[in-house]
Amino acid sequence: MANTTQTQRLEAAAADAPAIELRGINKHFGAVHANKDIDLVVKRGTVHGIVGENGAGKSTLMSILYGFYTADSGEILVNGQRHDITDSRHALALGIGMVHQHFMLVENFSVLENVVLGAEDSPLLGRTLAHAREQMAGLARDYGLEVDPDALIEDLSVGQQQRVEILKALYRGAEILILDEPTGVLTPAEADHLFRILKTLRDEGKTIILITHKLREIMAITDEVSVMRQGAMVTTIETARTSPAELAEAMVGRRVLLRVDKSPAKPAEVRLEVKDLVVADDFGIPRVKNVSFSVRSGEIVGIAGVSGNGQSELLEAITGMRERRAGAIVLNGVPLELEGDAAAADAREAGIAHVPEDRHRLGLVTTFQEWENAILGYQRKYGPGLALDIGAAKRAARGHIEKFDIRPPDPELKTANFSGGNQQKIVLAREMERDPDVLVIGQPTRGVDIGAIEFIHNEIIRMRDAGKAVLLVSVELDEVRSLSDRILVMFDGHIVGEADPASADEGELGLLMAGVTREGRSPAAGADAPAPSQDVSDKDAEP
Amino acid sequence: MSARAPLPRWADVALLPVLNVVLAFLIGGLIVLAVGQNPLQAVGVMLYGAFGYGAGVGYTLYYTTDFIFAGLAVALAYHAGMFNIGGEGQAYIGGLGVILVALALNGLHWALMFPLMILFGALFGAFWAYIPGVLQAKRGSHIVITTILFNFIATSVMSYIITRILKPEGVNSDESAPIEAISRIPRLGEFFSYFGRSPANLSVLVAVLALVLCYWLIWHSKFGYAMRALGQNPTAARYAGISGTRMIIITMALCGALAGMVAVNNVGGVQGRLILNFVNGAGFVGIAVAFMGRGHPIGVALSALLFGALYQGGQELAFSMPGITKEMIVTIQALVILFTGAMGDMLRIPLMRLFDRRATAGGQ
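Residue numbers (the working numbering), protein chains in the order written: chain A, 1 to 543; chain B, 1001 to 1364.
Just so you know, not all the hints are guaranteed correct.
Which residues of chain B face chain A? A few of them, derived with a C-beta cut under 7 Å, are [claimed, not checked]:
{"id": "1", "residue": "HIS1220"}
{"id": "2", "residue": "TYR1225"}
{"id": "3", "residue": "ALA1229"}
{"id": "4", "residue": "GLY1231"}
{"id": "5", "residue": "GLN1232"}
{"id": "6", "residue": "PRO1234"}
{"id": "7", "residue": "ALA1236"}
{"id": "8", "residue": "SER1243"}
{"id": "9", "residue": "THR1245"}
The list that follows gives simulated cross-link-like pairs (lysine to aspartate or glutamate, EDC-like), each with its CA atoms no further than 20 Å apart [said to hold, decoys possible]:
{"id": "10", "chain 1": "A", "residue 1": "LYS289", "chain 2": "A", "residue 2": "ASP276"}
{"id": "11", "chain 1": "A", "residue 1": "LYS214", "chain 2": "A", "residue 2": "GLU476"}
{"id": "12", "chain 1": "A", "residue 1": "LYS262", "chain 2": "A", "residue 2": "ASP500"}
{"id": "13", "chain 1": "A", "residue 1": "LYS36", "chain 2": "A", "residue 2": "ASP16"}
{"id": "14", "chain 1": "B", "residue 1": "LYS1138", "chain 2": "A", "residue 2": "GLU21"}
{"id": "15", "chain 1": "A", "residue 1": "LYS214", "chain 2": "A", "residue 2": "ASP180"}
{"id": "16", "chain 1": "A", "residue 1": "LYS199", "chain 2": "A", "residue 2": "GLU181"}
{"id": "17", "chain 1": "A", "residue 1": "LYS381", "chain 2": "A", "residue 2": "ASP405"}
{"id": "18", "chain 1": "A", "residue 1": "LYS289", "chain 2": "A", "residue 2": "GLU337"}
{"id": "19", "chain 1": "B", "residue 1": "LYS1138", "chain 2": "A", "residue 2": "ASP500"}
{"id": "20", "chain 1": "A", "residue 1": "LYS36", "chain 2": "B", "residue 2": "ASP1356"}
{"id": "21", "chain 1": "A", "residue 1": "LYS36", "chain 2": "A", "residue 2": "GLU11"}
{"id": "22", "chain 1": "A", "residue 1": "LYS381", "chain 2": "A", "residue 2": "GLU323"}
{"id": "23", "chain 1": "A", "residue 1": "LYS414", "chain 2": "B", "residue 2": "ASP1012"}
{"id": "24", "chain 1": "B", "residue 1": "LYS1138", "chain 2": "A", "residue 2": "ASP341"}
{"id": "25", "chain 1": "A", "residue 1": "LYS289", "chain 2": "A", "residue 2": "ASP261"}
{"id": "26", "chain 1": "B", "residue 1": "LYS1138", "chain 2": "A", "residue 2": "GLU339"}
{"id": "27", "chain 1": "A", "residue 1": "LYS394", "chain 2": "A", "residue 2": "ASP437"}
If you are wondering where the hints come from, they were derived from the structure by calculation, not from laboratory data.
Glycine included, every Cβ here is placed at the ideal spot set by N, Cα and C.
With the rest of the complex left out, here is chain A (with noise of 0.2 Å):
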C-alpha cells in the first residue's frame, strides 16, 4: 500500500510534465456556456478530485477530455505534448479512459468478451481472448482487480461491473483514469473496495481523476480536488488542506448546513400498515417478500439498502403503481384494494402522497410545461367536468414556484429545462401541497445540488412536524441515517434488520445491507440472493 505521504508524492509529481493539462477551456451550448476558461492540471500519479453541483460543467469538461466533444477554443496537454483530441478512440491511444457512471457492457457476453470489445487485434477471436485472458490475470495480481473472465455481466454484481469497467480501461493500456460519479450504485464495503482499488492504481503510477458530489469520497481518497461552479473552475487545493464544509461553500458560493438539523420525533397513531406484502417485477419474480411494517404518524421511516433489493418495488406497490401479489396495505386502518392500472389515482385520493425514486420515468413528463407537471396525478382536481381550468393550474403552480423557490420562476418553461434539483422540486411542491395523510419519497435527493439538498431536507422534516407520515427510500446511507426516526434495513426482499440511526454505526448497516447479520448469514440470503451478496465472499467484506 501507500508508502509515500500525499505531500511527498505531490512533490515527486511536481518534478514531472503534468498527466493533463487544460487550458483556457471553453465551450458553448447554444447560449449556455458550459466551460468557462477552464485551467486545469492533474499531476501525475495522484488522484485527483473534481466536485461541482449538477450543471457545475464537470461532465462537459471531461469529455471534452475524452473526445465526446470538441472545446471552442483552448489547449489540452497530455504529458505535456498538446493534442486535439478528436474521439475517444483519440483519446485512448493517448492513454486516457474512461469509466462512466453508466456502465458500457454487453449484458450477455462474458467478462472477457466485454474486455476486449473493439480491440480484437485479429480477424479470429482465439488469440485475442488468449492473450487477454494473460493480460486480466497480470492485472488482478497487481491491483486487486479480481472478476472471473468467464463469468456473464448479467450474473456480476455492480461493483464487481464496475472493475470490468475498469479492467477494459486498462487492457487498452490507460495511464490516465476518469471515473464518472463511481460509488453511485455501491454499497459502502463496495466503495471501499473501489477505492483501496484505486490507491493501488496510483500508487503504480497511473493517474485518476474521480468526479463525484460526494464530499466524503473527496476527503477520503483524494490528493488534490478542484471545484468548479456554474462553468468556471473555482479552485484546485490539495486535499490535506481543506475540509468538507469548506468545499461545499466553494461549490454552492455560499454556506451550507451539511447536517439535518430536526428535534426529536413525536410519533402518534399509526397511518401506513404493511402487512405480509408480497409483491413481484414485470418477470413475475418475487421482489418483496412477506414485508410487514407501520409508519406512525409524525415519525420519519426510513428504508436503506443496496438498489434492487426490493424497495423499489415495495413504493410502487404502495403507492398504486404495481399491483401486490399478497397481503394487505392499511392506510389509518381501512385496507386499499389498489387493482387496475389507474390504481395511483386511488392511492392519492386516499391520502399517500408519492415521490417517486426516478422523477425522469415516473414523477415527470419532462416535454411538459412545468405548469402542467405541477398538477400531475391531481389533473382531475382543476376544472368542471370534462374542461381542464388553466388558469387554476397556473395559479397552483406559481404557489408552488414561490413556496419552493423554484427557478427559473416561469410555469410556461419546459420542464425539462429545470435543473434536477429544480425539477425535485416540481415534484415535491405537488406532492407536499396536497396535504397528504402519508408521503412516501424515493431517493428524494438523487442529482439534486448541495444547496437544494439542504432545502429538501428541511421540507421533509417540516412535514413530519406536521404530523405527516413519511415514508423515505435512499440508497445514500448518510441521507437515511440523518433524516430517519427509524431505519428499516431491506435485503432480497426482506427486511433484515431494524436501526435506531443515533446510534447504528455505518459499519453495521453496511453489513445488513449486503445481507450479513451478525449471527452470520441472514436467513434471507438463501440460494436466490441477488448479485451483491457475491461481494461479501470477498475477503475485504469481512468484518
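With chain A's structure known, arrange chain B on it following the hints.
Structure of chain B alone, referenced to chain A:
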C-alpha cells in the same frame, strides 16, 4: 447535456416543413425537366388549377376536407403515443354507416339526414378503430400492425358488402343504390355560384368544427391532458393514475370517428352512393398531413390544404399539359409525401448544426 440545442420553435413548425416541400418540388421539377417540359409552367398550371377559379377552389376544398379528417385521425392518436395507420379502413367502414342510414331513411330532408350521416359514419368508423384499440390495450397487439391489417379486412369486407349486398340489380358498376337528392349534403355551389359544380359541400364546415374541437380536446380538456401525458411518458401517466387501457381505447375510437367523416364528405356529399374503394388513399395521405402538421390542428389544416391543392392542381396539370402524364403527377405527390412525412426530419440535424454554429458565433 446534449451536444446540440433543439431548433427554435418557428424553425421547427414552419421552416422545416416549408424546406421539405420546396425540396420535393425541386426534385419534382427536375423530373418535369427531364421529360422535356417546363417546370415553371407546370407550377403555374397547378396553382391556377387549385386556386385560380371557383370550381378549382371547390375541388381543392373538397380534397382538403378529406385530408383534414384523415389527418386528425392520425394526429389525435399520435398525441396519445399511437400510430394509427388504419384511417383508410376506418373511413371505408364509416362509409357503410353513412349509406345504411341514408338508404334506410332515403328521402329525409338533408337537414335531418346530415347529422344522422355524421353520427353513423362516426359510429362505424369508431368501431373499426375500437377493435385494434382493445387489442392494443388489453392484449398488447401493436396498433401499427393491427390497423394495417384492419385496412385489408375492411377492403375485403366492403367489397363483399358492396358487390353482393348493396349493389342493386341491373347496375353494372360496383356501387350501392343512390341517395335521393333531397337527402344529400348540399354542395357549396348551391349557396354560392362561385364554386360552380365542384364537389365541395357543407362537410367542410364539419371539418372546421372538428379542427376546433380537436384543439380544445388536446390542450384544454382533462382527457387531452391525460392523452398527452400517456403519449409523452406512459410510466408517468400510470404514476398520475391515468388508465392506459381506457385512454388507448377511447382515443382510438375517437380517431376512427374522425376518419369516418371522410365517408360523410364523399358518400353523403359528393357521390350520393357508396362506391367501391371510394376512400382512394385519403386515409394514407392523412398520415403525411398529420406529420407535416406536427399533430397540431392548425398545422393539419394547412398541410391538408397543401395536399388538397396538390391533388386538384395535379389533375389540372394532367389535363392541360399532356406531356406530363398522370403517373408523373402521382410521382410528384409521392415526393411531397415522402419528404414531409417519411423523411420529415431529414433536414433537422443539418438545420440544428446551422443554428448551433450561428448561436456559437453570436455568443463570442
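Outcome of the hint check:
no.	hint	in the structure
1	HIS1220	holds, 6 Å
2	TYR1225	holds, 5 Å
3	ALA1229	holds, 5 Å
4	GLY1231	violated, 9 Å
5	GLN1232	holds, 5 Å
6	PRO1234	violated, 10 Å
7	ALA1236	holds, 5 Å
8	SER1243	holds, 4 Å
9	THR1245	holds, 6 Å
10	A:LYS289 / A:ASP276	holds, 8 Å
11	A:LYS214 / A:GLU476	holds, 10 Å
12	A:LYS262 / A:ASP500	holds, 15 Å
13	A:LYS36 / A:ASP16	violated, 27 Å
14	B:LYS1138 / A:GLU21	violated, 59 Å
15	A:LYS214 / A:ASP180	holds, 12 Å
16	A:LYS199 / A:GLU181	holds, 17 Å
17	A:LYS381 / A:ASP405	violated, 24 Å
18	A:LYS289 / A:GLU337	holds, 19 Å
19	B:LYS1138 / A:ASP500	violated, 46 Å
20	A:LYS36 / B:ASP1356	holds, 18 Å
21	A:LYS36 / A:GLU11	violated, 29 Å
22	A:LYS381 / A:GLU323	violated, 25 Å
23	A:LYS414 / B:ASP1012	holds, 16 Å
24	B:LYS1138 / A:ASP341	holds, 11 Å
25	A:LYS289 / A:ASP261	violated, 35 Å
26	B:LYS1138 / A:GLU339	holds, 15 Å
27	A:LYS394 / A:ASP437	violated, 25 Å
Consistency with the previously given hints fails for numbers 4, 6, 13, 14, 17, 19, 21, 22, 25 and 27, ordered from lowest to highest.
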